[in-house]
Structure formats: structure tokens, C-alpha cells
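2 protein chains.
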Amino acid sequence: MGIYYPLMPRAATTTDVFNAIAEPRRREIIDVLADGNEHTVGEVVEILRIPQPAVSKHLGVLRKVGIVSVTKRGQLRLYRLEPKELKPVHDWLKKYERFWAHHFDRIKERAERRAADRSAQSSRLLKDKEK
Amino acid sequence: MGIYYPLMPRAATTTDVFNAIAEPRRREIIDVLADGNEHTVGEVVEILRIPQPAVSKHLGVLRKVGIVSVTKRGQLRLYRLEPKELKPVHDWLKKYERFWAHHFDRIKERAERRAADRSAQSSRLLKDKEK
DNA sequence: GGCATATATTCCTATATGGGAATATACTAT
DNA sequence: ATAGTATATTCCCATATAGGAATATATGCC
Numbered sequence: 002m003g004i005y006y007p008l009m010p011r012a013a014t015t016t017d018v019f020n021a022i023a024e025p026r027r028r029e030i031i032d033v034l035a036d037g038n039e040h041t042v043g044e045v046v047e048i049l050r051i052p053q054p055a056v057s058k059h060l061g062v063l064r065k066v067g068i069v070s071v072t073k074r075g076q077l078r079l080y081r082l083e084p085k086e087l088k089p090v091h092d093w094l095k096k097y098e099r100f101w102a103h104h105f106d107r108i109k110e111r112a113e114r115r116a117a118d119r120s121a122q123s124s125r126l127l128k129d130k131e132k
Numbered sequence: 002m003g004i005y006y007p008l009m010p011r012a013a014t015t016t017d018v019f020n021a022i023a024e025p026r027r028r029e030i031i032d033v034l035a036d037g038n039e040h041t042v043g044e045v046v047e048i049l050r051i052p053q054p055a056v057s058k059h060l061g062v063l064r065k066v067g068i069v070s071v072t073k074r075g076q077l078r079l080y081r082l083e084p085k086e087l088k089p090v091h092d093w094l095k096k097y098e099r100f101w102a103h104h105f106d107r108i109k110e111r112a113e114r115r116a117a118d119r120s121a122q123s124s125r126l127l128k129d130k131e132k
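Here the protein sequences come in this chain order: A and B. Positions 2 to 132 (this note's numbering) are the ones given, in order, by the first sequence. Positions 2 to 132 (this note's numbering) are the ones given, in order, by the second sequence.
Since the hints were made in silico from the structure, they are not lab data. Mixed in with the good hints there might be a few duds.
If several chains are the same, the list does not tell them apart, and a pair holds so long as it fits within one copy or across any two.
Said to hold, decoys possible - As a list, the in silico DMTMM-like pairs of lysine to aspartate or glutamate whose alpha-carbon atoms are at most 20 Å apart:
1. K88 to E98
2. K88 to E24
3. K95 to D36
4. K73 to E24
5. K95 to E44
6. K58 to E98
7. K95 to E47
8. K96 to D36
9. K73 to E29
10. K58 to E47
11. K88 to E29
12. K85 to E44
13. K65 to E47
14. K65 to E24
15. K88 to D32
16. K96 to E39
17. K95 to E29
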């Protein structure tokens with residue numbers, strides 16, 4: 002008896018692309034595959050100087066999420082980037098692009114004006130507050 | 002005695018922007034702040050229907066990373082998005098944009114593919130040499 | 001002062017790491 | 001078969017959650 006409380010600890014790295022690319026080494030691996038060609042585990046190991054088991058594990062995470070695909074050739078595993086899987090991240094960021102893309106447009110200007118107004122107002126409100 | 006082996010478990014969510022935005026609820030919070038205006042914790046709570054302590058904690062993470070800034074006004078905390086902090090993610094993704102952005106630009110794609118082939122070839126040559 | 005409101009913090013716990021070391025598996029060549 | 005190479009998997013463990021509940025810390029109002 003008793004109520005079942007479903008806990009939600011930190012999400013698995015294989016949950017989605019956002020979690021998968023949070024790990025720096027995985028981003029490095031992705032960067033190695035960025036040329037669009039297939040690369041063996043050994044190549045990644047040699048380029049990044051990361052222990053082979055670590056590379057295999059990270060590639061496993063990327064594969065589960067779909068960011069990379071694998072092809073067997075003999076004893077080799079040829080990993081290839083599936084860049085379209087990164088698009089959701091880019092799409093989410095699209096909304097914020099404008100904030101740093103155009104430094105001279107009205108957005109920043111308006112934000113600064115608002116901040117100035119509020120600053121004046123809150124100084125007034127918060128005046129004689131001391132303890 | 003024995004050697005001290007520094008372990009490196011999963012990085013903290015406050016390590017960098019990539020880790021901070023891996024959590025879906027934090028992205029939702031960011032989206033609420035996306036209008037560029039200041040929002041109180043209560044507003045976020047009401048909009049997203051997330052328990053207040055959870056919102057405060059998530060905002061704390063975002064603040065540590067610098068994605069949001071806070072201003073006190075009375076008992077209120079006014080949170081504001083600092084979108085420029087998201088730029089590193091966008092910059093990293095820039096490299097992959099071409100894979101989904103220009104589906105009709107065959108010329109550019111082929112040129113890049115050829116360049117990639119060349120680079121891969123020289124990598125392989127280098128590797129064989131070391132062996 | 002006394003009380004309500006807004007927000008932050010603490011305590012708890014199940015879960016998921018990422019790295020190292022060792023081992024297993026699969027394939028190749030002789 | 002035997003040995004060697006390429007890659008994956010397993011075991012172990014210190015660390016960091018995210019959520020819920022309860023509590024603490026302001027601050028505002030009368």
C-alpha cells in the first residue's frame with residue numbers, strides 16, 4: 002500500500018538531442034564527424050586521444066539518440082553523422098537568434114529604455130529600505 | 002595509500018549553457034522569458050503550472066550559468082533573459098546548419114563534400130604513417 | 001506587532017551518469 | 001587453430017541531479 006511517487010531524477014543522456022550534446026566530449030566526437038564522411042572508432046580515438054571504451058560509449062549514446070548511424074565493415078564500425086537530428090536544437094534557438102544577430106535594432110534599444118524606467122521606479126520604491 | 006583517481010561523473014547542470022538547457026522545463030522557462038521582458042517567479046509558476054520551488058531551483062541554475070539575470074523589487078524577483086548567453090550553442094550548431102538549411106544548393110554541398118574527402122584522405126595517410 | 005505573500009533553501013531519495021580497468025566479442029591474417 | 005586487431009560491454013563508484021514536502025527568509029500591509 003501507499004502512494005506511488007514517481008520520481009524524476011536527471012533525465013538520461015539518451016532521452017533527446019539536448020541531453021546528448023550536453024557532454025563536451027560528445028560534441029567533440031560530433032565535430033570529428035562533421036565532415037560528413039564515415040569514421041571508424043579508431044580514427045576518433047586517435048584524433049581526440051580519448052580512450053577507446055569511452056569513445057564507444059559516447060558513440061553509443063549518440064547512436065541511441067539518432068545523431069549518428071553505424072555501418073559494419075569487417076571488424077570496423079563506420080560511424081556517420083546524421084546532422085538533421087541536430088535541427089531541433091537549432092529550431093529552438095531560432096527564437097533567440099535575433100537577440101544577438103542585430104545589435105542596432107529596436108529590440109535592444111527598447112529593452113534598455115525599459116530598464117532605465119524601471120530602475121528609476123524601483124529606486125523610488127525601494128528608497129528608505131534599510132535594516 | 003594509493004593513487005587518487007579523480008572521477009568525472011556527469012557534469013553539473015551549472016557547468017555551461019549546454020548542460021543548463023538540457024532540461025526541458027528550463028527551456029520552457031526560457032521560452033516564457035523570450036519576450037525580453039522581466040517576469041516574476043509567480044508569473045512563470047502560473048504560466049507553466051510548475052511548483053514554485055521547482056521554478057526557483059531551475060531559475061537558480063539558469064542564473065548561475067548567466068542565461069538569466071535577477072532584479073529585486075520588493076518581495077518580487079524580476080527575472081530577465083540574457084539571450085547572448087545562448088549564442089555559444091548557436092555558434093556550435095552553425096557548423097551543421099548547411100546540412101538542413103540549403104537543400105537546393107547542390108553546388109555548395111558538393112564542394113564541401115569534396116573538401117571533406119580530401120581532409121579525410123590526408124587523415125588516413127597520416128594515420129598509416131604513424132603505424 | 002502580527003499576518004499574508006513571494007521566493008529561496010533544505011532534506012530526502014531514486015536514478016543516471018562518465019571514467020577507468022578489465023573483459024568479452026567479432027573479425028582478420030597466417 | 002593461433003595470434004592480433006577493432007570495438008563493445010561489464011563492473012565499480014563518486015557525483016549530481018529533479019522532484020516533493022517542509023521550512024526558512026524576506027517583504028508588504030494593517
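Against the earlier hints, flag every one the structure doesn't satisfy and list their numbers going up. Numbers 4, 5, 6, 7, 9, 12 and 13 - these are the hints that the structure violates, sorted from lowest upward.
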